[in-house]
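S.K.: Here's the letter readout for the chains.
Protein chains: 4
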Amino acid sequence: MVGGAAGSFIGPVHRMAAELDGVIELVAGAFSQDPERSRQAGASYGISAERAYANYEEMMERERKRQDAIDFVCIVTPNHLHLPVALAALEHGFHVMSDKPATATLEEAYALQEAVRRTSLLYALTFTYTGYPLVREARQMARAGALGKIRKAVVQYSQGWLSGSLEATGHKQAVWRSDPAQAGLGGAIGDIGVHAFNLLEYVSGHRVAEICADLSSVVAGRALDDDCNVLLKLDNGAPGVLFVSQIAAGDRNDLQLHLYGEKGGLHWWQEDPNRLELNWIGKPSQTLHAAADYLAPSTRLDFRLPMGHPEGLVEAFANIYRDFAVAVRSRFSDAAAQLSDIVPGIREGVRSMTFVERAVVSSRSRAGWVGLPR
Amino acid sequence: MVGGAAGSFIGPVHRMAAELDGVIELVAGAFSQDPERSRQAGASYGISAERAYANYEEMMERERKRQDAIDFVCIVTPNHLHLPVALAALEHGFHVMSDKPATATLEEAYALQEAVRRTSLLYALTFTYTGYPLVREARQMARAGALGKIRKAVVQYSQGWLSGSLEATGHKQAVWRSDPAQAGLGGAIGDIGVHAFNLLEYVSGHRVAEICADLSSVVAGRALDDDCNVLLKLDNGAPGVLFVSQIAAGDRNDLQLHLYGEKGGLHWWQEDPNRLELNWIGKPSQTLHAAADYLAPSTRLDFRLPMGHPEGLVEAFANIYRDFAVAVRSRFSDAAAQLSDIVPGIREGVRSMTFVERAVVSSRSRAGWVGLPR
Amino acid sequence: MVGGAAGSFIGPVHRMAAELDGVIELVAGAFSQDPERSRQAGASYGISAERAYANYEEMMERERKRQDAIDFVCIVTPNHLHLPVALAALEHGFHVMSDKPATATLEEAYALQEAVRRTSLLYALTFTYTGYPLVREARQMARAGALGKIRKAVVQYSQGWLSGSLEATGHKQAVWRSDPAQAGLGGAIGDIGVHAFNLLEYVSGHRVAEICADLSSVVAGRALDDDCNVLLKLDNGAPGVLFVSQIAAGDRNDLQLHLYGEKGGLHWWQEDPNRLELNWIGKPSQTLHAAADYLAPSTRLDFRLPMGHPEGLVEAFANIYRDFAVAVRSRFSDAAAQLSDIVPGIREGVRSMTFVERAVVSSRSRAGWVGLPR
Amino acid sequence: MVGGAAGSFIGPVHRMAAELDGVIELVAGAFSQDPERSRQAGASYGISAERAYANYEEMMERERKRQDAIDFVCIVTPNHLHLPVALAALEHGFHVMSDKPATATLEEAYALQEAVRRTSLLYALTFTYTGYPLVREARQMARAGALGKIRKAVVQYSQGWLSGSLEATGHKQAVWRSDPAQAGLGGAIGDIGVHAFNLLEYVSGHRVAEICADLSSVVAGRALDDDCNVLLKLDNGAPGVLFVSQIAAGDRNDLQLHLYGEKGGLHWWQEDPNRLELNWIGKPSQTLHAAADYLAPSTRLDFRLPMGHPEGLVEAFANIYRDFAVAVRSRFSDAAAQLSDIVPGIREGVRSMTFVERAVVSSRSRAGWVGLPR
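Taken in sequence, the protein lines are chains A, B, C and D. Per our numbering, the very first residue in the first sequence carries number 1; after that it's consecutive. Per our numbering, the very first residue in the second sequence carries number 1; after that it's consecutive. Per our numbering, the very first residue in the third sequence carries number 1; after that it's consecutive. Per our numbering, the very first residue in the fourth sequence carries number 1; after that it's consecutive.
Same chains, same names: a pair is fine if it fits in one copy or spans any two.
The calculated DSS-like cross-link candidates involving lysine-lysine, where the alpha carbons are at most 30 Å apart (straight line), are:
id : residue 1 : residue 2
1  : Lys263    : Lys283
2  : Lys172    : Lys283
3  : Lys263    : Lys172
4  : Lys149    : Lys283
5  : Lys149    : Lys263
6  : Lys149    : Lys172
Please keep in mind that the hints were generated in silico from the structure rather than gathered at the bench. Note that the structure is predicted; figures quoted are calculated from it, not measured.
Chain A with its partners taken away, still in its complex shape:
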């Protein structure tokens, strides 16, 4: 693991998720550039002192030589380090599991895509919400045509935790997210907008072809956007809207996907992730429940508990890790292809960075619609 020292929110979540099924173990890390902080973090994760490094390149160098070397590197740093750490890992021959977004800019994303291609190593992005079983069920349904042709999409991701100027208080999570040097081009759009964008493309099976964006910095003095509203067209011409906010006061982590086809609509809400709502034209509405017998066989493998026993974000995260671990262990040459079928990778990383960059361009110019290259 690179990153994840005290104060990190996502580091411990990666650890829990990775280890949940007993098939992955966190054994080494460069948790902080401060040797003492890294050592302390290592101890908190139960890692021997010698494998708690203060420098990720040192970690890779030394781990590479061990018999019991790490199999892959997990990146949980602020955004600006995603690229250099990922490149170093690939160059040292390690697969990469990276937190989103892939990189801080689109240009960096292309560079990383090239490196992944060149090394033929596995690269996965924790677009966590794609690990929820019912999101995967929705994806299967939508792609199999259960809704008919997709005609409209609404995706929302709203949070309220940046309603105040939290960064001014020194809050670690808020500080780096609101600093362009660490967060990159996008504020809310880079932090959570990419989740919304990815979820839409992941489930619908369509690409966003055009957008018209309005990004705002609502809280005074904030350099990056904290509220984003986007009109969009899918590649089949269907209209839609995507809106994300980190100043939606009182909202928690309100990610919603609404997808409408010719026959009905599909509705999923991250805060109640164990239900998938389907509204049909001329027929009663349906609710699919987590772990039910009637779900697709592949979906059912994504549950660890029987019906009515809530599973949450850690399990969704763990599904991504489990799929990644299966690919890492696989000896078959198509492991990477199989993985990329279900787990977002560098392709989705480039897509989402394209979205961020084009949204910033569209919003700045106030000139209306801009296209997204396929």
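Fit chains B, C and D to the known structure of chain A by using the hints.
M.R.: For chains B, C and D alone, kept in the frame of chain A given last:
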């Protein structure tokens, strides 16, 4: 009543709502231009044959001369007749209660505004959702600053009933709504977009200052829009999004308002109208329930039943009629001003037609943002 | 109307409901035994002074002689007057629409049953919740075997409005409900327990065969029960539980029915009456929505608005009145039988009073189970 | 771990929960009495072959002599083995974490209580639902008097998975639960009724003083109860009802607690565990959300993710394990007392077995109320 013969959805609703409190009685009507259909409609409403007219001008002419003349005219025709009927009523000295939208075009709305001003008669628009007590409570709260400065607005109105080409089957409601000659400039945006727009301005106390709209005709062969997605800015600079659809397959009548301020967010959903949700920063969420003691005194007068006994759309409608009847009966010179404080009138009619016209312009040009005059 | 003067909750609701469809008109009443209060109530209902009587017998006597006499009497007094007023009405040849419970005691209910039989007049009880369209849909489904054999029933009715000693403050509704001389044998069980009991039998198509009850007076100084918990067996042996309370602090009007069969469960909640939830074994859950095309044809006639436009208690009430009016007008000899098929009458009145009486007996003896005669 | 071989539902859940925070590691087990099955289970848990025993006594004997011996034994067998395994563990000097119920009969529970007392070792019962943070918040609130005096309690636990005769198909979970020799005295009441009972006492701070129970075997041929409805009185005289079912067709794992005091009601639903609803008299309802700042400090330590990121049953389970691990490691003499303050132990084990035994007695006799000793 003008309009409302067999096949009308909204005519009988107006009748029920108007008469609910026992202070208004439907006694005359020009329900259809077909004398026989008008007579039948009159009979179904319990009206004497002599007062079931086939022509609204004849109705006004003859009613004006009766001792027991009607006090006001209620307009429930397709949109293109709203203006001529309203003008005729005002000219004959009758107050007007009109179904929305005020007129078929913005130009017509200005003409009507002028006539209302000239005659000093009462004119109210049944933006029905403003009659829900908890919408009025939300309005009071937002305007009194309970949320702090408004920072973001989301308003959604989605229906699925036009997912198929219902107009091709001869369905009366669908036929006129999809015919520009009868519906006017806007399809979904004129039919339900104006509700969403009005609700936003009504509750927030802010005007929409700029919009950037995308209107689509999703169902093949449809001349008017059936899906609309709009970025917006309030007059205080707050960003927002408004989206409406009549091809959101499986949705029923899904009108939602989400308003975020500095302190918290306010959420109201028309399909569960007896709850008002408030999410606060740093405090537990609250739900206000219909008919509760802790609501504003004026709100409590809008309920007819105690807590937990659901009231619905007819009661919301009836609140508007009751407020209108109070103004009609009032001898005080400020009755019109008092009414316009709580019940939308021609000012809101002009606002909403401006919105429709500007949205059509913005969408056609694909040129980004357009301003709305105050 | 007998009863319903100022301070009455249910009188105005009966008026609104009766008149909602324009086929019934309130034209006379003995609203109070105080002539002045009766006259004032009459005026508030828009009734001519001469038909606002101070005495129900006088009303019946005088109305009987009018050309435009009333067709039926509606009883909205406290419980202890239900029997004498109903008997007088029947004796004067008027049909009767009575608020629940039928009478104050079981003995009285038998007497009334005898009078109804003897006069062959129509008698209906406003077990209001049976007027909700989705309750009627549930009834049809359950009786048609959609759930398979019924195996378990849970019915709950909880309110919190008597959590304090409201009767000590002179609150009119609370005073008579807590006075055995006016309310009869039961407190909460007579006031709302009978609704719960009736709803269970109405929907399930089964009779309650045995009960074991625990009635409490939780608020100090209260003579009648304010909280009741009852074990039960249906006539097919299925177990169940019924619990009602008026000291469930914070609850509003929380009536719920849960019915389980071999194939699935059916769930209806009065505070969200426009949804009917069905959970199936091995299949996705379903939600039936008000006014949907897929409901039974008879159910669809019970709606006045399209999908997604909430209807509430007044409309449920109005359905009962409308069915009653149809029977009153019918010239067919089986009108009474047809009515009793869908609207509760004296049979259900006797059933519910039997339930109250047996529950009181069971609770007092603490001796376990008691049977209910068929 | 004793038990938990292939086919076990709860074994893997214990493993995940115990290891979630990285402070406990599963290192040895007697997973099955079949050596091969035990070895395979061990391998699936990542345990070395030499520590996958076929006999729990052998495990304890051999582990006791190791330098790196286990610290405690976790029991996940069918109910009839709970006592012998727990006794053996205590005799070998190991602390015990046992799945519920404590034992198969009340007599056994007393024996176990005596052994715990004698050895002064730690003993905890995974009444899992007590590990949910908002259940603990509810407990603090109720005990601190936030609701005022408790006046009514409703607790429901309904499942539908035994609606068919699943045991006849050889389904492992169903077979042992429906076999008195393995499950003990109670069917549904022993399996999930004890959860409901414990949750009620845990949160309310009151003991159940009297019950009147009705236990049924609804599915033909079933020896033990599969549906139970119970009237109850708390030790302060407050009435209540507890009902559990495993034949509530279509229900998943529907555990609900409703607690009413003088000031308001508290509502928690296991299938949406990250919300705690509070309805107050005369004030807006409140919802407390998981991980919110305004929760009690101790509650906040029970979350691993920020607001809006769902946590589920595994995390609730893990909280119990974490509290247990803290006590195991503690050198302070009051560790056991501190643990028993928050985590159910043998005292609650005896209470719940008393409840099962008394419920069976009450139901068989049909003689009404029976007391529960303090």
